[in-house]
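With these hints in hand, go ahead and build the complete structure from the sequences.
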Amino acid sequence: MNKRAEILHEHIIFLVLNVVFFSVMVLFIYLQASSVHLLEEETAKGIALLIDVAKPGTEEVSINLKDFFEKAEKNGVNRLNSIEINKEMNLVIVRGSKKSFFEYGYFNDGIEFVYSVKGDYFELKRVVEIKNKDIEEGVVENEI
Amino acid sequence: MRYKNADETNFLKKKVMNKEITFPRKVKSKSIHLLSNRKADERVLSIYLFIIYIIVGIGIVSGVILFYGSPLDVREREAGVLTDAVIDCLVDGGQLKKNHLDNPNSLNLKEFCKFDFRDNTKKYNGEERYAVKVELYDFDTGELKGALPVAGNKGFLEFCDAEGKDIPKCNKKEVYVLYGPAKFILKINSAVNKVQNIGE
Numbered sequence: 040m041n042k043r044a045e046i047l048h049e050h051i052i053f054l055v056l057n058v059v060f061f062s063v064m065v066l067f068i069y070l071q072a073s074s075v076h077l078l079e080e081e082t083a084k085g086i087a088l089l090i091d092v093a094k095p096g097t098e099e100v101s102i103n104l105k106d107f108f109e110k111a112e113k114n115g116v117n118r119l120n121s122i123e124i125n126k127e128m129n130l131v132i133v134r135g136s137k138k139s140f141f142e143y144g145y146f147n148d149g150i151e152f153v154y155s156v157k158g159d160y161f162e163l164k165r166v167v168e169i170k171n172k173d174i175e176e177g178v179v180e181n182e183i
Numbered sequence: 113m114r115y116k117n118a119d120e121t122n123f124l125k126k127k128v129m130n131k132e133i134t135f136p137r138k139v140k141s142k143s144i145h146l147l148s149n150r151k152a153d154e155r156v157l158s159i160y161l162f163i164i165y166i167i168v169g170i171g172i173v174s175g176v177i178l179f180y181g182s183p184l185d186v187r188e189r190e191a192g193v194l195t196d197a198v199i200d201c202l203v204d205g206g207q208l209k210k211n212h213l214d215n216p217n218s219l220n221l222k223e224f225c226k227f228d229f230r231d232n233t234k235k236y237n238g239e240e241r242y243a244v245k246v247e248l249y250d251f252d253t254g255e256l257k258g259a260l261p262v263a264g265n266k267g268f269l270e271f272c273d274a275e276g277k278d279i280p281k282c283n284k285k286e287v288y289v290l291y292g293p294a295k296f297i298l299k300i301n302s303a304v305n306k307v308q309n310i311g312e
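Which chain is which? The protein sequence lines are A and B, in order. Each number in our numbering corresponds to the 1-based position in the first sequence with 39 added. Each number in our numbering corresponds to the 1-based position in the second sequence with 112 added.
Simulated from the structure, these hints should not be mistaken for lab results. Incorrect hints may appear among the rest.
[Claimed, not checked] Facing chain B, from chain A, some residues (calculated, C-beta under 7 angstroms): (1) 64; (2) 69; (3) 71; (4) 84; (5) 129; (6) 144; (7) 146.
[As the list claims (entries may be wrong)] Below, simulated BS3-like cross-link-like pairs (lysine-lysine); rule was C-alpha separation at most 27 angstroms, straight line: (8) A:94 / B:209; (9) B:209 / B:295; (10) B:226 / A:126.
The C-beta atom is built at its ideal place from N, Cα and C for all residues, glycine as well.
Structure representation (structure tokens):
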């Protein structure tokens, strides 16, 4: 191989190594930032706080969870199964993939409510005081 | 530039890229030495290059893991929500509900306000991770007139003035309330300590 070709070859290797290195770094940051665990945590805590602040008489309050639902569906979990509220244990359980979930507790034990998923929104509806329990416990409205 | 007699001037020749560069012996010094050892220099440079890659890589990876790996901390916000819930529960239209002062020690805040302070997640398995302290002071004199028994985990309230990552987060609020014609200051201190890492 002549000298010119050798030098060109070295430069190409150098450039390829640089491109590979920075691509790996960018990919790593992207994967970390779009991790399903982060979205699970954010969603579970958001819903738990929503339940804590909900007051009897609230007709409907909703939060947009588009990013989370898209990620969960990509991972094979449908919208209805991705969010579960265990009213006995006061827990919000959020599943962003078949293998992972995040649970977070809420302290407000004095209300009864209905929750549903409508489009990209999670809705908390018909909040009543627990002594006026006119809504069947554990009701989930299956709406999409 | 060409020299007529190459033997007399004793030139050193070196090809770099497609240019033929000639150097008189007079200037044979560091630069000539470097060029003549270019292969070795490249090897040294590539080692340094990889060391720099490794250092930069470790820096970026550890920074990203530290940033995205830390839990989303909502404890302060949660403590604020809890304090507001206690105020809503004890005060009605600016008036303190009567039963709190008649016999404060008999009042169970958790039952009265319908709070469940147990954390039923796998990590805490039913431990109480909240605490609330309610005190009533005279508006004019500032004298303590009464206090409700602390609800939840009392130990958390001790850390309210401390700073740190894994210690309870608190929220303190004072509201002006009436009890009949008398004026009071209701002081509420709430603490929440639910430290939960991602994936737990």
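Each hint, compared with the structure:
no. : hint          : verdict
1   : 64            : holds, 5 angstroms
2   : 69            : violated, 10 angstroms
3   : 71            : holds, 5 angstroms
4   : 84            : holds, 5 angstroms
5   : 129           : holds, 5 angstroms
6   : 144           : holds, 5 angstroms
7   : 146           : holds, 5 angstroms
8   : A:94 / B:209  : holds, 18 angstroms
9   : B:209 / B:295 : holds, 13 angstroms
10  : B:226 / A:126 : holds, 14 angstroms
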